[in-house]
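One-letter residues, chain by chain:
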Amino acid sequence: MMPMDFFHHTFSDVYARQNNWLTRIDVRVKLFYIISLLAINLWAKNIFIPSLFLSISFIVLFSIRIPLFAILRSMLIPISFAILILIIKGLHEGEKEWISLSIVGCKMTFREEGLRSGLHTCSKVLGGISLVITFSFTTTISRLCAGLKWFRVPNTMVELLALMYRYIFLLFDEVSTMWTAQKSRLGHASWGKTIKSSGTLCGLLIMRAFDRAERTYEAMYVRGYDGGSILTVNLSPWRKEDYASFIGMVFIAPMLVYTGNVYVW
Amino acid sequence: MGFFCFGKGDTLSRILSVFTVAFFLFFAAANTAYAMHITEGILPFRWVVTWFAVSVPFVGIGVYHVKRKKRTMPSYLPLVGMLGAAVFVFSCFPIPVIALNGMATSHPCGTGMSAVLLGPFVSVLVAAIALLIQALFLAHGGLTTLGGNIFSMGILGSFSGYFVFKIAQRCRLPLFWCGFLAGMVSDIFTYLGTSIELGLLVINTGGSFFKATAEIFGVFMMTSQGVLCIVEGAVVGFVLVFIYKRRPAILFYLGVVKDDTKPM
Numbered sequence: 001m002m003p004m005d006f007f008h009h010t011f012s013d014v015y016a017r018q019n020n021w022l023t024r025i026d027v028r029v030k031l032f033y034i035i036s037l038l039a040i041n042l043w044a045k046n047i048f049i050p051s052l053f054l055s056i057s058f059i060v061l062f063s064i065r066i067p068l069f070a071i072l073r074s075m076l077i078p079i080s081f082a083i084l085i086l087i088i089k090g091l092h093e094g095e096k097e098w099i100s101l102s103i104v105g106c107k108m109t110f111r112e113e114g115l116r117s118g119l120h121t122c123s124k125v126l127g128g129i130s131l132v133i134t135f136s137f138t139t140t141i142s143r144l145c146a147g148l149k150w151f152r153v154p155n156t157m158v159e160l161l162a163l164m165y166r167y168i169f170l171l172f173d174e175v176s177t178m179w180t181a182q183k184s185r186l187g188h189a190s191w192g193k194t195i196k197s198s199g200t201l202c203g204l205l206i207m208r209a210f211d212r213a214e215r216t217y218e219a220m221y222v223r224g225y226d227g228g229s230i231l232t233v234n235l236s237p238w239r240k241e242d243y244a245s246f247i248g249m250v251f252i253a254p255m256l257v258y259t260g261n262v263y264v265w
Numbered sequence: 001m002g003f004f005c006f007g008k009g010d011t012l013s014r015i016l017s018v019f020t021v022a023f024f025l026f027f028a029a030a031n032t033a034y035a036m037h038i039t040e041g042i043l044p045f046r047w048v049v050t051w052f053a054v055s056v057p058f059v060g061i062g063v064y065h066v067k068r069k070k071r072t073m074p075s076y077l078p079l080v081g082m083l084g085a086a087v088f089v090f091s092c093f094p095i096p097v098i099a100l101n102g103m104a105t106s107h108p109c110g111t112g113m114s115a116v117l118l119g120p121f122v123s124v125l126v127a128a129i130a131l132l133i134q135a136l137f138l139a140h141g142g143l144t145t146l147g148g149n150i151f152s153m154g155i156l157g158s159f160s161g162y163f164v165f166k167i168a169q170r171c172r173l174p175l176f177w178c179g180f181l182a183g184m185v186s187d188i189f190t191y192l193g194t195s196i197e198l199g200l201l202v203i204n205t206g207g208s209f210f211k212a213t214a215e216i217f218g219v220f221m222m223t224s225q226g227v228l229c230i231v232e233g234a235v236v237g238f239v240l241v242f243i244y245k246r247r248p249a250i251l252f253y254l255g256v257v258k259d260d261t262k263p264m
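Chains as they are written, first to last, in my numbering: chain A, 1 to 265; chain B, 1 to 264.
These aren't lab readings, by the way, just hints derived from the structure by calculation.
Be careful, since some hints might not be right.
Below 25 Å or equal to it, Euclidean Cα-Cα: the simulated PhoX-like pairs (lysine-lysine) are [to be verified]:
| # | chain 1 | residue 1 | chain 2 | residue 2 |
| --- | --- | --- | --- | --- |
| 1 | B | 166 | B | 245 |
| 2 | B | 245 | A | 193 |
| 3 | B | 211 | B | 69 |
| 4 | A | 149 | B | 211 |
| 5 | A | 196 | B | 166 |
| 6 | B | 211 | A | 107 |
Label-pair restraints from in silico Cβ distances [as the list claims (entries may be wrong)]:
| # | chain 1 | residue 1 | chain 2 | residue 2 | range |
| --- | --- | --- | --- | --- | --- |
| 7 | B | 206 | A | 249 | 34 to 44 Å |
| 8 | B | 248 | A | 223 | 25 to 35 Å |
| 9 | A | 257 | B | 211 | 33 to 43 Å |
| 10 | B | 60 | A | 95 | 39 to 49 Å |
| 11 | B | 252 | A | 17 | 53 to 63 Å |
| 12 | A | 56 | B | 174 | 39 to 49 Å |
| 13 | B | 174 | A | 46 | 51 to 61 Å |
Over 12 Å on every C-beta distance to chain A, these chain B residues come out as not near it, computed from the model [what the hints assert, rightly or not]:
| # | residue |
| --- | --- |
| 14 | 168 |
| 15 | 213 |
| 16 | 226 |
| 17 | 246 |
C-beta: ideal position from N, C-alpha, C; glycine also.
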């Protein structure tokens, strides 16, 4: 029932806090890689490039000992979307009949062009999402904020991102406790009660968030906050490895773009 | 007639049939339905650029609003951050999908509520950050589809919810109904936005944009999301009434209500 359990397991930076070769790479290099590779993934006209990204992401994640279950749990929703797209496109696009079957009297015809197009989109979804989770499994929010700041994302936006991320976990815990209390007192015995209980719970959540905002401001004020920047993480200067990774990408990108443009299938 | 009737290539058909049924069973048994975010890799490059170009000015104005207010009222930043986090958590609430007899749950958008509490531009900014967090840490949505998702959930959801709330207040409707309409309409516009974005994809393949958009929107509304709009509206209504009864000062401080507001 509780997607909050799902969030607690998926929404965790425990892997990003480990010390391994990927977490040690500078966040600016990682951001540069992820943006370039996602663009190439979108640009690709065949399934080779997205499949390559998917396989490399898995290899890279296994190399830093991320459990397969954790990867699959993160990819569960995109995988279901990808399969849905494959089926919908296969059923609706194209003329040439590839296969037909009947399920409980309902005839379904999969078409060749649709399945090809669906497989292409499906591979892009999986390729893209595998890149994103590789990034999120290896980057903490503080590093991400510092990287975004370096890329000239407005300070206010980065500060809000840091604040929101920091308090989401706290509010999740409070809500989980209140939710369990409501359930044990039959607050969710019917749909009507669930809606009303959710309203009460969210009202309490807003009130607590408001109070916490006041307390947080007071704590920030006594530490000298006057409306200026609240981010304190600074990035270290680029190392030789970072320069090498950056230049490596500059060379690899054209090859990937070229390969992605070849009509293999 | 058996459960399956095969065309050509029996072994392949059998595998495909089992796979299809397994997939539908997986969906039917899935605990949570996520539908309002377009996932990574779906939008072609030119639509990615287009939707980012549409969304960035709104996010920029939101940043400007927060920055300006932060200068005169330093407590505004933690307030927006905290309320943004609260709305994010609210958007993760499991709401039973009544159309599926409670077999699955869906979750609210939350933009209607954030627009009512924080104003439309700041709500767009909060939605953009929430979508970024979801894309990065939950693989829900995507980085290349962020612009498109900000347009549907952030811009359309926030502005529709905010204006409907203000119109309902002008019509002197009780607070519950103002919140109900804001929550419901912002949800409907979010799904409409997503349908438009997906509908636009058929233009290249020679399909009809209006037909595709209507079909996608129809599917959204007829499955879990139609009922969810009403449920989210009711929840937002109850939230506002609850806060108004317990701590009206919060709503006065945020400029949500005036002295002559009727709660129910």
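> Which hint numbers doesn't this structure obey?
Replying inline: Hints 3, 4, 11, 12 and 17 not satisfied by this model.
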